[in-house]
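*Asks:* If you want the building blocks of each chain, they are given just below.
Protein chains: 2
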Amino acid sequence: MELDTAKGTRDIFPEDKIVRDKVVAILKEIFELYGFNPLETPALENYETLSSKYAGGSEIMKEVYTLEDNASRKLGLRYDLTVPFARVIAMNPSMKKPFKRYQIDKVWRDGPIKLGRYREFWQCDVDVVGIKSVAADAEFLALASAFFKKLELDVTIYVNNRKLLNSLLEFSGVPSEKQEEAILSLDKLKKIGIDGVRKELEEKEVPDESIAKIISLFDYNSSSNNETLERVGSFLENKEGLNEMKELLERAEEFGVKNVKLDISLARGLAYYTGTVLEVFLNDNSIASALGAGGRYDKMIGNFVGSSEDIPAVGMSFGLDVISDVIKLKSKGAQKNSVVEVYIIPLGTLPDCIKIASELRSKGINTDLDYSGRSITKNLNYCNGLNIPYVLIIGEDELKKGQSKLKNMITGEEKFINVEKIIDEVRK
Amino acid sequence: MELDTAKGTRDIFPEDKIVRDKVVAILKEIFELYGFNPLETPALENYETLSSKYAGGSEIMKEVYTLEDNASRKLGLRYDLTVPFARVIAMNPSMKKPFKRYQIDKVWRDGPIKLGRYREFWQCDVDVVGIKSVAADAEFLALASAFFKKLELDVTIYVNNRKLLNSLLEFSGVPSEKQEEAILSLDKLKKIGIDGVRKELEEKEVPDESIAKIISLFDYNSSSNNETLERVGSFLENKEGLNEMKELLERAEEFGVKNVKLDISLARGLAYYTGTVLEVFLNDNSIASALGAGGRYDKMIGNFVGSSEDIPAVGMSFGLDVISDVIKLKSKGAQKNSVVEVYIIPLGTLPDCIKIASELRSKGINTDLDYSGRSITKNLNYCNGLNIPYVLIIGEDELKKGQSKLKNMITGEEKFINVEKIIDEVRK
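First to last, the protein sequences are chains A and B.
Taking our numbering, the leading residue of the first sequence gets 1, the next gets one more, and so forth.
Taking our numbering, the leading residue of the second sequence gets 1001, the next gets one more, and so forth.
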């Protein structure tokens, strides 16, 4: 038998899992600081839920892993965390609103495999249901900002408003049947540039006059947020989207968020967004993908639930893979292959080493020790292979003197110190 | 469309998820203190891996959720975390040994549903591969003891050794073809009592003489570990298992573990255990299930890998469901439905409240606030429903005086205090 992981899946070894766990722990901490509660939904959903007309749409159904249980019920593995969230809202109509929840969990898509793209991957979603106020949208800017600050990553949060974008297209005179296509082209502005957008709009047979207006409106992205607001405000009749954007930026300022940039071309595809949209990018452009993205979707849950009224919702999703990759890039060289901080090598002194290990562990030091009695050289090789930072070598002599040899595996420095001092040394 | 969760699965709402997350965080902390590293394997495995002769066996295959990907590859959802672990070992022969890993993750079994038994559930596994020494077994006793101490649960760790159990059956003269059946009966001693065991052995047609010896050997469980060791030692010729048990208990003492009890009837089924076996139970018997269990399995991975030699391994698994249930039972009344510590009600003062919320969040207080402008009564009802402990009510007057009204929702007490003081008050 040739053993292998299933196509499109992978094992995540400690060196990567340690980084991912750290990112997840910080996400969790920040989500909770902002009042979001943890919710868990099953990986398996009834196929009917996943394939609902108002769920993810027909394209995504091609990528759903489907299966049947022993009683031939048709099931599927969830392809996102939003549809299960909408199901929970639908099944629990008496739930207190606003309902703020987060879920950091796996999803599955049986789609094309590319570099860094897997069929089983994580999503980190944080959403609130039941608040119309744009203040809730602004809270996500604050949350994202706090998260990336904690990770010491310099990012910009690009924001737009779908109503504002629609009003700009109306102003440009784009025929209504061409507006969605025009939005898709504008959404690529950062990638293909203004000439690329012009070319696409020409191919899509948007009238020349409208193209000219679009170019004059959208070829201005370097101005400040206030300049942009003023400039587009001077053109527009329908100011609903503009006013929402003004309020968003005001609230963001009250939240103390500084790294927000209005990008009037941003659309986030044709998905279900109805108001604010946002995307987070690294300032140094070392990674081209967004680290997080989201927006307001006031229609999707109402439609899914079968309600005649909107059910307001805002949320965002963080990219665990891409964020972990960035952290690994930045920590080059200092990467950990093991959680172990101190490794003890007993030289015929196992019972005493067990006691010392117990003491270190009780003080919060991640400690491991050799039970096999192998040689110092073999033990040091083992520690080097795992990038364990400190090794403690303890023979009879050391026990008599009450001092152990602590070797710093990075600097090579060796010290004879009391067990009590080891903690200070390691914590430095 | 009637929305529902898939049969045998469930949503886990914040009130339960908060407790489970706490248990998982402590497991993770303890596993890492003991030098175990996080490893993640995919939920989807090739069907061939799961159905391997040396994996979980034919019984479990009836409960595997099977599916095919778009290219008709046969896959299955993993039914445990041990088979994937063995696969990782097999696929990475150059991996540094000992390899200490933990995995806290979901598994799936399409089996009968009972109260508290689901088809999608969590396992919390911690294992080491590559150490023959019984000291490694003792380390799990220390780890389990530290974990339950941290949770403030009084438990006893029952231990036995399969070699010791086998030698006792040999001594009792049980014919070799009846030994496995006899072990299964003895394994139930705690549940069915000595008379129940006798009855089962009679039904299984174990010779009367052997039954009499078994009864005299096993009807003694209340003596101290040393007494038990001495007593069984006086009978046995083959002392290998006995000596391993002696070493285990000695090492456990060096680790400072006090709550270990030798139970010579313990077997942990006929599974793959080859030496030490262990089970953890609450001392107050408020829950009948084991909270954790495990042992040494020196054959299973070698067989799976196709090695002619043993690959020594020890590990244990903690029951997230049962442990979370115990925590919930113990914290009756004080259960949290929300992570939020302070909820701010603005009375026409949203911009200032946003600033105050940001300050509290920056100080590590989980904070939420009302953006809808609903009434104080509605807000207080909302907070009561979620068991939020503190509410801060801020109107224009409060802002002028620089003091806010902090209401303790549990005692009903109200105080006017500075924002700076809120943190001390909440942290009390």
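Mixed in with the good hints, there may be bad ones.
When the alpha-carbon atoms are kept at most 27 Å apart in a straight line, the in silico BS3-like pairs for lysine-lysine are as follows [what the hints assert, rightly or not]:
1) B:Lys-1190 <-> B:Lys-1204
2) B:Lys-1007 <-> A:Lys-96
3) A:Lys-22 <-> B:Lys-1096
For the record, the hints were derived by calculation from the structure and aren't laboratory data.
*Asks:* For the pair supplied as a hint, B:Lys-1007 and A:Lys-96, confirm whether the alpha-carbon distance does not exceed 27 Å.
*Replies:* The hint holds at about 26 Å.
*Asks:* With a cut-off of 27 Å on the C-alpha distance, tell me whether A:Lys-22 and B:Lys-1096 pass.
*Replies:* holds, 23 Å
*Asks:* Please work out if B:Lys-1190 and B:Lys-1204 have their alpha carbons no farther apart than 27 Å.
*Replies:* At roughly 19 Å apart (the allowed maximum being 27 Å), B:Lys-1204 and B:Lys-1190 satisfy the hint.
Consistency note: the structure conflicts with none of the earlier hints.
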